Amino acid sequence: MSVKALQIENLYVNLNKSHILKDINLNVDEKDFLAIIGPNGGGKSTLLKTILNLIKPHEGKIKILGRDPEDALKLIGYLPQKAYFDLNFPISAFEVVLMGRYNGLFKNYNKNDEESVVKALNALSMLEFKDRQISKLSGGQMQRIFIARALAREPKLLLLDEPTASVDPKMQKDFYDLLMNLKEQMTIILVTHDVGVACQYVDKIACLNGNLFYHGTPEGSADAIQEAYKCPIEIIGHGIPHRVFKKH
Amino acid sequence: MLEFLQYEFMQNAFIAAVLVSVACGIVGTYVVVKKIVSISGGISHAAFGGIGLGYLIGINPVIAAIPFSILSAISIGLINKRIKVSEDAAIGILWTTGMALGVIFINLSPGFAPDLFSYLFGNILTVPESDLYLMLLLDLIILLVVFLFRREFLAISFDEEFSKAIGIRVEFLYLLLLCIVALSVVVLIKVVGVILVIALLSIPAAISNQYTSSINRVMIYSVLLGILLNISGLLLSYVFNLASGATIVIVLGIAFIISSIVKRYW
Chain A
1 MSVKALQIEN
11 LYVNLNKSHI
21 LKDINLNVDE
31 KDFLAIIGPN
41 GGGKSTLLKT
51 ILNLIKPHEG
61 KIKILGRDPE
71 DALKLIGYLP
81 QKAYFDLNFP
91 ISAFEVVLMG
101 RYNGLFKNYN
111 KNDEESVVKA
121 LNALSMLEFK
131 DRQISKLSGG
141 QMQRIFIARA
151 LAREPKLLLL
161 DEPTASVDPK
171 MQKDFYDLLM
181 NLKEQMTIIL
191 VTHDVGVACQ
201 YVDKIACLNG
211 NLFYHGTPEG
221 SADAIQEAYK
231 CPIEIIGHGI
241 PHRVFKKH
Chain B
1001 MLEFLQYEFM
1011 QNAFIAAVLV
1021 SVACGIVGTY
1031 VVVKKIVSIS
1041 GGISHAAFGG
1051 IGLGYLIGIN
1061 PVIAAIPFSI
1071 LSAISIGLIN
1081 KRIKVSEDAA
1091 IGILWTTGMA
1101 LGVIFINLSP
1111 GFAPDLFSYL
1121 FGNILTVPES
1131 DLYLMLLLDL
1141 IILLVVFLFR
1151 REFLAISFDE
1161 EFSKAIGIRV
1171 EFLYLLLLCI
1181 VALSVVVLIK
1191 VVGVILVIAL
1201 LSIPAAISNQ
1211 YTSSINRVMI
1221 YSVLLGILLN
1231 ISGLLLSYVF
1241 NLASGATIVI
1251 VLGIAFIISS
1261 IVKRYW
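Respectively, the protein sequence lines represent chains A and B. Going by the working numbering, the first residue of the first sequence is number 1, and it counts up by one from there. Going by the working numbering, the first residue of the second sequence is number 1001, and it counts up by one from there.
Incorrect hints may have been included.
Stated by the list, open to error - The following label-pair restraints were derived from C-beta to C-beta distances: (1) Ser138(A) with Ser1086(B): 31 to 39 angstroms; (2) Gly139(A) with Ser1214(B): 21 to 29 angstroms; (3) Arg1264(B) with Glu59(A): 41 to 49 angstroms; (4) Ser1214(B) with Ser138(A): 18 to 26 angstroms; (5) Ser18(A) with Ile1083(B): 19 to 27 angstroms; (6) His58(A) with Ile1063(B): 46 to 54 angstroms; (7) Asp174(A) with Leu1143(B): 42 to 50 angstroms; (8) Lys74(A) with Phe1147(B): 21 to 29 angstroms; (9) Arg1082(B) with Val3(A): 35 to 43 angstroms; (10) Arg1264(B) with Tyr12(A): 50 to 58 angstroms; (11) Asn25(A) with Leu1148(B): 23 to 31 angstroms.
Stated by the list, open to error - Incomplete in silico selection of chain A near chain B, CB under 8 angstroms: (12) Tyr12; (13) Met99; (14) Gln133; (15) Leu137.
These are calculated hints, taken from the structure and not from any lab test. Please read these numbers as outputs of a predicted model, since none were measured by experiment. From the three backbone atoms N, C-alpha and C, an ideal C-beta is built for every residue, glycine too.
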């Protein structure tokens, strides 16, 4: 049996004495493209943070490519939901992406790291902006810089927390096209509210609202999505609820 | 015209101005970009407790201020992360408790505290040679720590959450950064005093940050600007016979106003 990209067994996470995640079991194969959907407060970001070892689970176990979360940080690229930073911060786009190459105390960034940064900036068509100060970029460009920061790590597992929350439809499409390319090289897990759009691209969907309601192909997900969100969801197809179309 | 340079106290004052500029330029850059100006204010005022302790046990108050300000830096950092109280409140508690302790210690000390005023508001013209060596040593420690941890300090200043996700021990490094702030406060005490320290830690870096988008350049500009403005303040206070700490702060404040106007309309 090959090693799973991500293996979660009986995971419970409590924050401030309330149960955020209950009995989560989830297996993700290598080079899978998984979308995690669910209502606000359903524990989507918490799940990503637990995988990243930012939150300790109350119970259960997580393996990333067979490793414990604390030993797997080098394998993971992460795009936080919101980057809280000061717009006047004296830092260039290049330096932001270079942070993605961080490799431990006293380890200087070398030529290799710089090449990875250039590659990542190139993949997002942001190379020409590399010397720009971060606040001199538009919102969409900034988002691409943060995605490049995650990619510069050359991860095996890419975790994206609502990457398309603040981008226009054109960029959204470009972004998913980019992910379809990246999928050849890495496993991608994406948290999103754009259920309809995500369904056209991803291989699998997981519905999360405290519990994991569903994990499988997008086609079979309609009822579970409704169950998780506790309201009817029109997934796609203009007025035909509860049907999901694969990309044509 | 330059005959005042023959006086030893004046030479010491010039050297002090340079030593102070190194600390305030390098550390002040982090203070400004990480937005820890109020925390740094808390640490500097709390350092007064150490000065009082120095009077009480009869050692150089500047030396007594070192452990005291480091302890208060760590306390502010930990109170904020471990106990459910806002950073704002933690600063207020430490700020005032430290100063109150200083007052009590001085109360308890025998006799009169002659140069107390200089620890509160600074006097660059009375820095003894021994204090210059101490300032030089602290400057070297600050430079070394910042050089070794520059990648981590940059990352946690920019984005703590992402820093955690790439395996940086954010809490430890944040406390280390606050300790560096504490050391720079000690370097600055003799020149501007605990009450005015925060001007030197924030103004040169705030001005430099208006003109460049590289943190290394902000540091270099801040050091150079600090030297220029400190020496200007020193000369003005000598010529007009004004309190040197306050004069330096006024010069810094005016420089900031001019820089902001230039930036806005040029």
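These are the hints, each one checked on the structure:
no.: 1; hint: Ser138(A) with Ser1086(B): 31 to 39 angstroms; in the structure: holds, 34 angstroms
no.: 2; hint: Gly139(A) with Ser1214(B): 21 to 29 angstroms; in the structure: holds, 23 angstroms
no.: 3; hint: Arg1264(B) with Glu59(A): 41 to 49 angstroms; in the structure: violated, 57 angstroms
no.: 4; hint: Ser1214(B) with Ser138(A): 18 to 26 angstroms; in the structure: holds, 21 angstroms
no.: 5; hint: Ser18(A) with Ile1083(B): 19 to 27 angstroms; in the structure: holds, 21 angstroms
no.: 6; hint: His58(A) with Ile1063(B): 46 to 54 angstroms; in the structure: holds, 48 angstroms
no.: 7; hint: Asp174(A) with Leu1143(B): 42 to 50 angstroms; in the structure: holds, 45 angstroms
no.: 8; hint: Lys74(A) with Phe1147(B): 21 to 29 angstroms; in the structure: holds, 25 angstroms
no.: 9; hint: Arg1082(B) with Val3(A): 35 to 43 angstroms; in the structure: holds, 38 angstroms
no.: 10; hint: Arg1264(B) with Tyr12(A): 50 to 58 angstroms; in the structure: holds, 55 angstroms
no.: 11; hint: Asn25(A) with Leu1148(B): 23 to 31 angstroms; in the structure: violated, 44 angstroms
no.: 12; hint: Tyr12; in the structure: violated, 21 angstroms
no.: 13; hint: Met99; in the structure: holds, 5 angstroms
no.: 14; hint: Gln133; in the structure: holds, 3 angstroms
no.: 15; hint: Leu137; in the structure: violated, 11 angstroms
Hints 3, 11, 12, 15 from the list above are not met by this structure, while the remaining hints are.
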